[in-house]
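Chemist: Sequence:
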Amino acid sequence: MYGVVKLMQAVGQLSDKFYYTDCLFFGAIISATDPVTVLAIFNELGADVDLYALLFGESVLNDAVAIVLSSSIVAYQPSGGNSHTFDAAAFFKSVGVFLGIFSGSFAMGAVTGVVTALISF
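In our numbering, the protein residues as written are 3 to 123.
Errors might be hidden in some of the hints.
Claimed, not checked - So the derived label-pair ranges between C-beta atoms look like this:
no. : residue 1 : residue 2 : range
1   : G29       : F58       : 32 to 42 Å
2   : I31       : G98       : 18 to 28 Å
3   : I121      : F88       : 40 to 50 Å
Unchecked claim - The calculated DSSO-like cross-link candidates involving lysine-lysine, where the alpha carbons are at most 30 Å apart (straight line), are:
no. : residue 1 : residue 2
4   : K95       : K8
5   : K95       : K19
6   : K8        : K19
Just so you know, these hints were derived from the structure itself, not from any lab. Quick reminder that beta carbons are idealized off the backbone N, C-alpha and C, glycines included.
Required output: the full structure, derived from the provided sequences and hints.
Modeler: Shown next as structure tokens:
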């Protein structure tokens with residue numbers, strides 16, 4: 003993505019500035035594929051329930067990763083004059099946001115799973 007944008011700037015097709023963080027943000031948003039059509043076809047054809055659940059779970063995981071990555075990239079705010087340069091403090095803050103969201107989501111999922119298992123047992 004970054005190379006394509008730089009090539010577009012080199013040939014004059016892109017006049018505005020486009021930074022590496024913009025490419026990362028776009029990649030985080032666009033990377034989550036949505037298999038709604040495949041799930042609808044599985045439902046219509048009566049596919050195996052385990053296969054349906056596996057694909058649905060993978061889709062939910064992709065969406066969660068896209069949300070966490072985009073939140074981490076938005077949290078990356080370097081200090082100083084140029085906001086699009088590498089800053090170690092901003093990088094570690096972004097990693098902290100990622101780990102915080104990840105661990106909170108993991109804890110909520112584990113608690114929900116345990117409570118659901120205990121209720122249905």
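Chemist: Decide, hint by hint, whether the structure agrees.
Modeler: Now for the hints, and whether the structure bears them out:
For the hinted restraint 32 to 42 Å between G29 and F58, the CB-CB distance of approximately 24 Å leaves it violated. Our hint of 18 to 28 Å for I31 and G98 holds, since their Cβ atoms are close to 21 Å apart. A C-beta distance of roughly 48 Å is found between I121 and F88, which places it inside the suggested range of 40 to 50 Å. About 27 Å separates the Cα atoms of K95 and K8, which keeps this hinted pair within 30 Å; it holds.
Taking the CA atoms of K95 and K19, the gap is about 25 Å. The hint holds against a cut of 30 Å. Simply put, K8 and K19 have alpha-carbon atoms about 10 Å apart, close enough for the 30 Å limit, and the pair holds.
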